[in-house]
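Protein chains: 4
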Amino acid sequence: MPGNSFGQFFRITTAGESHGPGNVVIIDGVPPGIPVSVDDLMVDINRRRPGQSKLTTQRKEADAPEFLAGIFEGRTTGTSVAILIRNTDQRSKDYSDIKDKYRPGHADYTYDARYGFRDYRGGGRSSARETTARVAAGVLAKKLIERDFGGRVTGYVCQVGSVKANIPSPQDVSLQQVEQLPDGSPNIVRCPDYDAAAKMIDVIDTVRMDTDSIGGVSEIVATGVPAGLGEPVFDKLKADLAKALFSLPAVLGVEYGIGFGCAELRGSENNDIFESRDGTITTATNRHGGMLGGISSGLPIVLRAAIKPTSSLAKEQPTVTRDGTPTAISTKGRHDPCLLPRFVPMGEAMVAIVLADHWLRWKAIDR
Amino acid sequence: MPGNSFGQFFRITTAGESHGPGNVVIIDGVPPGIPVSVDDLMVDINRRRPGQSKLTTQRKEADAPEFLAGIFEGRTTGTSVAILIRNTDQRSKDYSDIKDKYRPGHADYTYDARYGFRDYRGGGRSSARETTARVAAGVLAKKLIERDFGGRVTGYVCQVGSVKANIPSPQDVSLQQVEQLPDGSPNIVRCPDYDAAAKMIDVIDTVRMDTDSIGGVSEIVATGVPAGLGEPVFDKLKADLAKALFSLPAVLGVEYGIGFGCAELRGSENNDIFESRDGTITTATNRHGGMLGGISSGLPIVLRAAIKPTSSLAKEQPTVTRDGTPTAISTKGRHDPCLLPRFVPMGEAMVAIVLADHWLRWKAIDR
Amino acid sequence: MPGNSFGQFFRITTAGESHGPGNVVIIDGVPPGIPVSVDDLMVDINRRRPGQSKLTTQRKEADAPEFLAGIFEGRTTGTSVAILIRNTDQRSKDYSDIKDKYRPGHADYTYDARYGFRDYRGGGRSSARETTARVAAGVLAKKLIERDFGGRVTGYVCQVGSVKANIPSPQDVSLQQVEQLPDGSPNIVRCPDYDAAAKMIDVIDTVRMDTDSIGGVSEIVATGVPAGLGEPVFDKLKADLAKALFSLPAVLGVEYGIGFGCAELRGSENNDIFESRDGTITTATNRHGGMLGGISSGLPIVLRAAIKPTSSLAKEQPTVTRDGTPTAISTKGRHDPCLLPRFVPMGEAMVAIVLADHWLRWKAIDR
Amino acid sequence: MPGNSFGQFFRITTAGESHGPGNVVIIDGVPPGIPVSVDDLMVDINRRRPGQSKLTTQRKEADAPEFLAGIFEGRTTGTSVAILIRNTDQRSKDYSDIKDKYRPGHADYTYDARYGFRDYRGGGRSSARETTARVAAGVLAKKLIERDFGGRVTGYVCQVGSVKANIPSPQDVSLQQVEQLPDGSPNIVRCPDYDAAAKMIDVIDTVRMDTDSIGGVSEIVATGVPAGLGEPVFDKLKADLAKALFSLPAVLGVEYGIGFGCAELRGSENNDIFESRDGTITTATNRHGGMLGGISSGLPIVLRAAIKPTSSLAKEQPTVTRDGTPTAISTKGRHDPCLLPRFVPMGEAMVAIVLADHWLRWKAIDR
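Residue numbers (this note's numbering), protein chains in the order written: chain C, 1 to 367; chain U, 1 to 367; chain Z, 1 to 367; chain L, 1 to 367.
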């Protein structure tokens, strides 16, 4: 049953619920000598943090990570790293209503089916709170791939409701564009097409005032990845990246490169043509999203994840109790009207972890 | 690096290339006592077989599987099962041209980047030939889930090019509808909407005569799956199913339930409302595709995979040689103009393997 | 590299060093509904604790475990359990001498060979301090096997130096016999043959006064284990148990049943003869140590581990520095003159974890 | 349940029984470019082969391995290698007696307890026949470690019954000494102390004529292993090596270095003292058997395994039937009177596989 580990070589194992003492991650397979500090962790933890803008839940979480193991004199030792992020602002009473009512779109019912016993004070293990630990681990993965091959992972929001961003060159989007508007103020929706960003904010504001929520799409781009990462059959790079993104809450679809658009194309339209540029074999177009046969091609890896609208609504929804009695539920306060802005660092973290894992796997056999 | 195994508990490990002696699969974790014969394997192997209709490659492959281990008196023994499918119609000379030229859309270049050494007589390990072993293993998975909980997995083609099928009730599509037309003749495109099927055949015929190819979408449905399968975090059922499908060649996108359509919906539109029916908690709609919080809900599991158009084209395409010299390539004969009809049994097999795996995982802790 | 996890289904993952913030264990695969408290953990943690008698190191460690996750209302939830045991009495200055000198018998040199970088303030990750986390996890494993099949794991010391205990019936040794003398005072050497225990204490006292140390043998017995646990090939129960014990510090040999004594026997002397007793098939003798073909036979499982004398000596020993310069080292104070008494709970924990793991594996396929 | 795989990175997965079509191994994680041929495999397969001398069973097995996958132009491709060894001389009728009688010392009873269903025509999956596949895989492991770091693994017999060999310098024993006597004739008992070898042959001859069998001890030595292989906690090199040896049939004990002898030593007697020799840090003595803290020290790795006397005896032994009725059994013909000579290549193979695995793991993080 051990479903709380991810990765073969750069492997994270997590524990923690929304309303327990905290969330902890053990990161195994980290090479020795990588400098890392709590401040480094905070960069992405703050990007994932609730309450960062009017677009996100107003819960306050201190989210102060502590290294429990694996770090000596500011560098990784090569043995397992452990990071603890304690829960603070839990307000258990807010959740007492959901003890016996199944929230639509949530895992309450399926949890009961699986375990017959459930921490009813929130999502428990299925709460997005759990992703804090992944984001912390992702910081180490990002450091490893940047140190070893200049790899970078950047995510952003490319669709909210029917508003779609125009991102002509995904590989050129910078973290600064994602985080800041031209005037230096925060880009709270994390869409680097600023016109679209303004419209997305309007959409989110509207659904928020309607006590409703809205879905969207996030794009994650990895640059600097050398050709040759990934395994030919089951552990194709695309397969592990897809599992990584689908393992995040609320993801209902994943595609890379041309994605579902490939269904309508002919082979002669879809194939990217190889050419030699400065002594390197590459392709001018990137409909293949940086992976061929499940192995990285050296081109930017471009993935998209579809995120459903937040299931928790202040608006009243019909449902049933554990014994099947019809009732209604409205989830009070403090929920994101749109999950997309906070999804970005989660998606980046999972992509970075997969790349770190496949990098180590590649080193083991090919050098 | 061991990327040739899939599954934690019901685990398959494969070896084999398109032009080596054969493909072999070891299936570990099969409970004892399941009746299985070579004839059982042939049902799905024949559905995957090349040369079955004008829509598929005209290669002839005998595809005669042999049980090497794990079967005694027609039943599984509980120890590892091995199945060998020898390669027969290899015609290595057909492929000599590709020794030094990189085929657009293929893994030739990425393989060289990974291994620096490659069986150039075809796709090698990345050939779709490898999936024969998965299809054979999938038959055992299907038998296990049907025996233990009445689970069934049925796939079909729902889009080819711009032709989309209308499938109002995915869970009601039968294997017979997928395989046969009302007049008993073979449904060669495996689309249960027969009007759409006729149009799809026209599209494929057209691209075939143009020495081109076309993409599409396949839908895979699992019925009878009890609520409670899947793990809450990394091994969410949706995550393992997505990895399973993305591990197949040519898959560029996977979605379940409402999928990418969720991006445009509000929470109040997207949430499926719980109700009690005959003492069972269920939902009237199934936008959640049978999984909530990564755990099965008891509703039909509905997945879709986007398949790119075949990369091999008889039409000449520009490319480069291993040393970067511009050249052109046309892949002679014997390629599927559309991968979709033969994808169906592959997708079914991978979905069945994931369900068998999570079923055993569930038994270990919950009974 | 992930070498910090153990078990396939009941799996523990640990992190922590002797001189970092603490040691943490994540236990995956724990079924829901098992009652457990911090007090339960303390029973075995106290048996492993330093400073418990004159026979052990005089270091004081508070060893107060904290559940971080996986427990709700005093019971396991079925999701991953995390336990943190903070380090308290570290006294880093005591260890400054060993920064550059390689302690004989320790892992200092091999760590530098592996990582090139080492937390020199003690054994780091290779310190026996790390086993606290295993002992805590072992408590959960013990609870699971006792609840599900009445399994019990009891260890004791059967040899110190040349003093060998006479234990005619290993399966009848009780925890009380191991922990207490007939007069109710603590059995500080944990040998249930009280005459031998007295002699062992004399031996340990003697080496302690000589600033030296002494080796020994511990026997671990598991009763109540049903026939049928274990896998036929690589994951034989004996193989996983041996790995479990060898993964503990200072273990140089493991045997079960007749062990190395089998080398001198004929088959007709060694084979245990099957018989039927009260409708159950069993054997009158147990030279096979409860396992045949790697699978449990229903008889008591009897294992022995040889433990080397503590490597750290107050007595001065010659050695070299990191750059190879000859020097000498004497490890001041606070080391166990004999590791055996504190080994007992560690060995029990590892055996219990293996049994819990194989129990869940058995349930997955056979029920 | 998947207990049919071994290794994390250099991983073998096997299937096959004594009386099925054959035994197959898939070897995952083999780096590309290693030259290997069927003749290479035959060297060790012939050493393991039955019928090679009067000391072994007189069964004839052709043991002709076939590469099914992973080899191209005589070299490994980097993808999974598969090897099939068909069974030929099965003579199923010889075994019909054991369908309902439990052979003392065998896994018949425990198999029934585990699976409730058993291939009764021999040991099935628990037959030593299964080790042929491991020996074949071991050849690839030996080639890898020799190519990459000059590693060599040599095993021999050091005890049969009460006859003990005197091997003053285990690391200097050559394959030729193990296989040949000074006069060039075969060293059929594989003991490099020729005086002891002669006595061992006498002992085996005696028990054979008594329709009995005899146990013994084998020593396996690995030289050229660099310092730094192994993981600090669960995957200690000693732990993985012990599991590897205990996973072989009939092994009841494993020790390394001074082994169980450590129990009687003081720390000052047992510690090996570090010194610098030619700029390398090493120890003059090797009581630590080449591993400290679970990590290789650069000294020869020296392991010993205790092997029980063959359980199958022509001599009649009492036993019971499946339903518990007392009966007697005598296993006709064709069994090894002593397992030791044929154990040597099995032990070598498993040790080589562990070293190959840890070598790849080390490369992944440390280079």
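Wrong hints could be hidden among the right ones.
Identical chains share a label here; the pair holds if one copy fits it or two copies do between them.
[To be verified] Derived SDA-like pairs: lysine to any residue, alpha-carbon spacing no greater than 20 Å straight-line:
(1) Lys99 / Glu269
(2) Lys99 / Glu73
(3) Lys143 / Asp323
(4) Lys363 / Pro32
(5) Lys363 / Arg208
(6) Lys101 / Gly298
(7) Lys143 / His19
(8) Lys199 / Asp97
(9) Lys101 / Asn46
(10) Lys99 / Arg322
(11) Lys363 / Pro226
Derived by calculation from the structure, the hints in this document are not laboratory data.
Which hints from the list above does the structure break, by number from lowest to highest?
1, 3, 5, 7, 8, 9
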